[in-house]
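**Q** Take the given structure of chain A and dock chains B, C and D to it, following the hints.
There are 4 protein chains.
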Amino acid sequence: MATAANSVPHPTVISGIHNRWHPDIPAFVTVKPGQVFSVECVDWTGAQIGNNDNSDDVKNVDLSKIHNLSGPIAIEGAEPGDCLVVDILDVRPFEKMPWGYTGIFELENGGGLFAREFNSRAAKAIWDLEGIYATSRHVPGVRFAGVSHPGLIGTAPSPELLATWNKREQALIDEHPGAVPPVAFPPLERGAYVGQHLPEELRAKIAKEGARTVPGREHGGNCDIKNLSRGSRCYFPVFIKGANLSVGDLHFSQGDAQMSFCGAIEMAGIIQFKTSIIKAGVEKFGLRQPIFLPSPIDPLYSQKLVFEGLSVDIHGDGKQYNMDASVAYKQAALNCIDYLMKLGYTREQAYLLLSAAPVDSHVGAIVDSPNACVTLALPVGIFDFDILPREEGLLKRDLGQCAIRSDGVL
Amino acid sequence: MATAANSVPHPTVISGIHNRWHPDIPAFVTVKPGQVFSVECVDWTGAQIGNNDNSDDVKNVDLSKIHNLSGPIAIEGAEPGDCLVVDILDVRPFEKMPWGYTGIFELENGGGLFAREFNSRAAKAIWDLEGIYATSRHVPGVRFAGVSHPGLIGTAPSPELLATWNKREQALIDEHPGAVPPVAFPPLERGAYVGQHLPEELRAKIAKEGARTVPGREHGGNCDIKNLSRGSRCYFPVFIKGANLSVGDLHFSQGDAQMSFCGAIEMAGIIQFKTSIIKAGVEKFGLRQPIFLPSPIDPLYSQKLVFEGLSVDIHGDGKQYNMDASVAYKQAALNCIDYLMKLGYTREQAYLLLSAAPVDSHVGAIVDSPNACVTLALPVGIFDFDILPREEGLLKRDLGQCAIRSDGVL
Amino acid sequence: MATAANSVPHPTVISGIHNRWHPDIPAFVTVKPGQVFSVECVDWTGAQIGNNDNSDDVKNVDLSKIHNLSGPIAIEGAEPGDCLVVDILDVRPFEKMPWGYTGIFELENGGGLFAREFNSRAAKAIWDLEGIYATSRHVPGVRFAGVSHPGLIGTAPSPELLATWNKREQALIDEHPGAVPPVAFPPLERGAYVGQHLPEELRAKIAKEGARTVPGREHGGNCDIKNLSRGSRCYFPVFIKGANLSVGDLHFSQGDAQMSFCGAIEMAGIIQFKTSIIKAGVEKFGLRQPIFLPSPIDPLYSQKLVFEGLSVDIHGDGKQYNMDASVAYKQAALNCIDYLMKLGYTREQAYLLLSAAPVDSHVGAIVDSPNACVTLALPVGIFDFDILPREEGLLKRDLGQCAIRSDGVL
Amino acid sequence: MATAANSVPHPTVISGIHNRWHPDIPAFVTVKPGQVFSVECVDWTGAQIGNNDNSDDVKNVDLSKIHNLSGPIAIEGAEPGDCLVVDILDVRPFEKMPWGYTGIFELENGGGLFAREFNSRAAKAIWDLEGIYATSRHVPGVRFAGVSHPGLIGTAPSPELLATWNKREQALIDEHPGAVPPVAFPPLERGAYVGQHLPEELRAKIAKEGARTVPGREHGGNCDIKNLSRGSRCYFPVFIKGANLSVGDLHFSQGDAQMSFCGAIEMAGIIQFKTSIIKAGVEKFGLRQPIFLPSPIDPLYSQKLVFEGLSVDIHGDGKQYNMDASVAYKQAALNCIDYLMKLGYTREQAYLLLSAAPVDSHVGAIVDSPNACVTLALPVGIFDFDILPREEGLLKRDLGQCAIRSDGVL
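Protein chains in written order, with the UniProt record's numbering: chain A, 1 to 410; chain B, 1 to 410; chain C, 1 to 410; chain D, 1 to 410.
Keep in mind the hints are simulated off the structure, nothing from the lab. A hint or two may mislead.
Identical copies go unnamed one by one, so any copy, or any two together, can satisfy a pair.
[Stated by the list, open to error] As a list, the in silico DSBU-like pairs of lysine-lysine whose alpha-carbon atoms are at most 30 Å apart:
#1 K319 to K342
#2 K304 to K342
#3 K167 to K205
#4 K319 to K96
#5 K167 to K241
#6 K65 to K342
#7 K241 to K284
So that you can see chain A by itself, here it is in the shape it has in the complex (with noise of 0.2 Å):
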């Protein structure tokens, strides 16, 4: 019969909590290959934004504290060299928190993809997690299954490696001086967090050297890739002993290119995993950056409207960009944009939307100068309501607005 004693809940490892990446921070707990264990992740701002209808948390965010990551996780055997295989088995909300948010960050504190474009001010659309689905009422008219993922998830770069990253990335600081938002953030003592007791020195050292989370490095880490999602096998390269996994800004859904910054439908929540190693696996694979085998259960939105965009400002200045594919993204973005304001969604709406929803990219072409192509497919499923270009035109219904700012700007 079915008791107690023959049913054994997989083990939850309460991690620990920090906001940088360095070798010296050390593993929390050390886990066997082969076992199964899941891991709590408070969300990545580390509940900054609340579930309400004004976007001033937004505004207002702390960004020198994030990501609040989970671990580091020690793997029992893992060494430089080897290849960290994570399974990752699940990923959901906490019970007790069935909801999540995008933000469109402010222009001065966060930026995003339009930023510049849209002089962006701080708003958000609350999703209600019913289930495989998200729905909002600051985005009424459609409902998606998430494909959920962690946002962030790395191994512990080694010394040399972290110092790599301190100097590229300085270096591009330094051609870019007083950029908004900024092109990089460099180490930041302010905000730094290891989340154990360590001796002060070593947390100052961490503070000063380590690298802010922000971009997605060799190692992994805040890649925001939306099908690495639960279900996928993930090979990482080992740089330091134990490996030291860490995981955060778990995702019930995002869209390609997590337009807004803030872009996914953060949320926290429970990630599960379980994990082996191969040995040398590095050499054995030429592993210079994490790879993956994507999930068997990514939501079947088959039906599919594109948009195409080319390296061409035709929505600014007219400017003919060479071979650039972020700007060929951007049009397409914006043709979409402009298609779905059509319906009644307000720009901002629509931007939320477009980061949230499983929308997919795709690079078309980046050989036949000075265009490259790149295309945004919009899932015609997930809206209630027909959005196909259909002789009589569009209908544009009043769908609202989503939360913004309690002083009403724009």
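**A** Frame of chain A, contents of chains B, C and D only:
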């Protein structure tokens, strides 16, 4: 009973050939909305490349003559500001030419995504087209179903739009004098062809002003979007009376990004269309560029191995770029090429394979400064052997080499 | 900020348990349309089967007590003739019971598709549920993502409908006296349970008249449809005021046809719902039985190996049946079991695997007299090793055996 | 350069036609393993049905002459006990006949799934084949991509196997004397055709003994499996030297079950093959019947509306059947036909549509005594209008009628 009388084939519109975009190229034929018709297309180079085992024809290709387009085809009733709806009903090779090719072009004559990194010398693969599948004696070990599509399809520009193109592209050329390969291609009288008996003066005007066909633009054109495939419905803006649709550069298959420039499986063949017109569709849909509904029959290779790339040149000098998705995709592709080489492919074979096979590229994130993250997904099911990362490492096979120059230079 | 105050979990409706269908079982709870709520379910046997390594519990299972259903749940405003729309938002195991089981039942106690052919003795497989995946120490070599669903869900019958059921099933029983296993199950007072304090007279009436829960019927019930899974939207006819929805028999995964009777991965767990009512929906949609929209997130195992079966008993006495799709499917399944045995699985393991894994069965044709043709599609990607038919034949591995009776009888 | 010399089409093997299965029909042509070749096929009736607007040709069809098969094709080296691997590389209509038909046959001349229920009179729909799509003037409002496939493909039986077929089918006929439509078809000399100049005695023998082509059998044959489509790889048992493959009954599209008997979109056209041989494959794979790997390019209509059916004749006399999947599927289909009629289709149109469109049928469960549960999934995306069950009910359109008899009898 089924008789000749009640069995009438859809007509083939034997189209003219031209290789420049210009509003003054007269329509070669006029079709009615609702009519099903076929268009025959030579390959993009006009049969300069042969089914043989060296790449000298690629080395010596004359690119002033490309692309060979079929058309223009006027659609009765289309006027500027309308939306031309084009159903791509079928795309297939000529029965008498069941083969296609993928080429790596010389750095100095065509280029490609890695022309500079690889100091590219001409190479190619010939693909045998067997029903829905392609295989190659030059890239053994793979077989895949084609996502056949026109690499190039678009409406004719208005005089104003043409002038805009020429102006903005010249400005880019002026910024990069002497670039190899060139950053863009200005109008070129040499090689210009309109395929019809036109007054000398008009021919000269077209040759002098006509836009080159290399880049995609607001009218569609050479977008090389693999999913704008047979079965798709595309919505084009109309710029001149009749719309004057032209098409060419048929691809049996292509990977996202069409890496090696001549990166698809290029073929000669037949494309079948049906059109309709949505009056004032440009305004109705906010149509600055084409949008489309992809086909329901793209191949389903659900298991993929995904490679990540960031905007840091880790395969080169390690330079940090600022949120550049093109750099990121190149890194992902180089990671994948390294992996394929561990399986036994040469660098040239791997480059050709990623160009021709149904490889997917997604923009993961372009908001995590300074690193854009772009992924490349390699379909596992196209290989005859197991390519997954296993504990024992990868088995290096002898897979020969693709077609190279007769002088042996790589 | 995210606080306890703005984070409220969806409520769990702690439902009553009952094991018969009867209009007079009072609703245990009433919910409002639009409300998200969760329902806890024991496994269908009421915890009679344990996580251990013999099948004695299966051998001795008391089937008079099944199925243990949670409910009835009344929906405010539902009336006979309405359509009850039920969103199945989530289905998952209890965190503290990350396992499930698949059982082969004894010929004389439960049966199954091949009970007579195999003279079935009790056997079982325990599945470890690790996030979205199931694996089993009793069926090594496979791992698959679950298409989790309620095996049993339905609205309460009206007195008239209940009478129809009992009458027509009794007629069938009367036609097949003494059949082993029985062809149908009449009302049975022994084991009947309603889970609420009801007047003795009413309990007796329900026990005497209540329909057994084994077959699916016009109200839904035990349809065991694997694709009525988490994310589906189902439309039920309403027969009594409140609709009185009951649910149970949660499956982590199941193959089409649920071959071994207890053929899914049976589990205890939680199901989450949201409902709405379409007034007079029965008439609007011609709703004689439930219809549904499947989930967008069923697993994508695109490569399959398909086995054909015809309505000729080629595995038995060679008898020709007349267009009997059930016979045809059995042949397809026996063909597949033979194939799996060549890979090293025992007959029992193969039977359990086809029951539990996401196997698809299609009715190919049932018009080509006298042979119905039905296919069984085995997903290739769920195996750890290559199962494709290769020139060198199939490699027979040592894959052990599933859990069998402690007396060793097979 | 591409020249005629380096461009050689795959050969078309102009095959003989025959309409019976018999080991003594000599191979019309012999091909080598590895060779790509095409086979031309007339439609199954031999052009008895025309592209017109009444169904008199269906009413009067001579079924003694069917199916018109192309072949036999011997494969060099194939011997009894081998496995013949057949790649179906392509299936398409003749360019000069871009149309096909779906027919409802008379109860007394052909029948069909609902021949008795509907007392069927001849009706049909002509489908226009436009590239990958089919549309019909007789069933307006739908457009779908074809899953083109051979309805009938198989190897020749050995004398022993042929004898087995004839014996077991005669036994069934003997059990159901005078059935309308007949339960099976014994050898029939009238109409028998072998398409080659053979000695009179041999022709008489074949005509007398040759198995009719209506049912699928152990060699494949008329299985009408919609997913054995272009791009599939099929493994056939070989029963005689050379294997002697025959093929015909090409379908542009078909729904699971091919309901109306002539239930696919029947067409004349070309099928392309490539073969190989696995020696002793019958033993290696336990091959009692063909197995196959489906194509990677079947259409992706992910949104479906699913109808359930049980083995109770709720559309007829309410009789309870014992676990009969054929009855269950018929109920599911009748439920769907009722739904389609609420949208404005006639019963005949609905019957034809379910036969021809890519409808999926799954066996849900056949272990829950006494009710088998079978589902029918209707792809939503093939309709031009919204068919989903909405709160306001279904909008009944005027959709005309299909082609019926010139005397107007339905």
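**Q** Now, for every hint given, state plainly whether the structure supports it.
**A** Evaluation of the provided hints:
no.	hint	result
1	K319 to K342	within (26 Å within a copy, 42 Å between copies)
2	K304 to K342	both (18 Å within a copy, 28 Å between copies)
3	K167 to K205	within (16 Å within a copy, 54 Å between copies)
4	K319 to K96	neither (49 Å within a copy, 45 Å between copies)
5	K167 to K241	within (23 Å within a copy, 57 Å between copies)
6	K65 to K342	neither (39 Å within a copy, 42 Å between copies)
7	K241 to K284	within (18 Å within a copy, 48 Å between copies)
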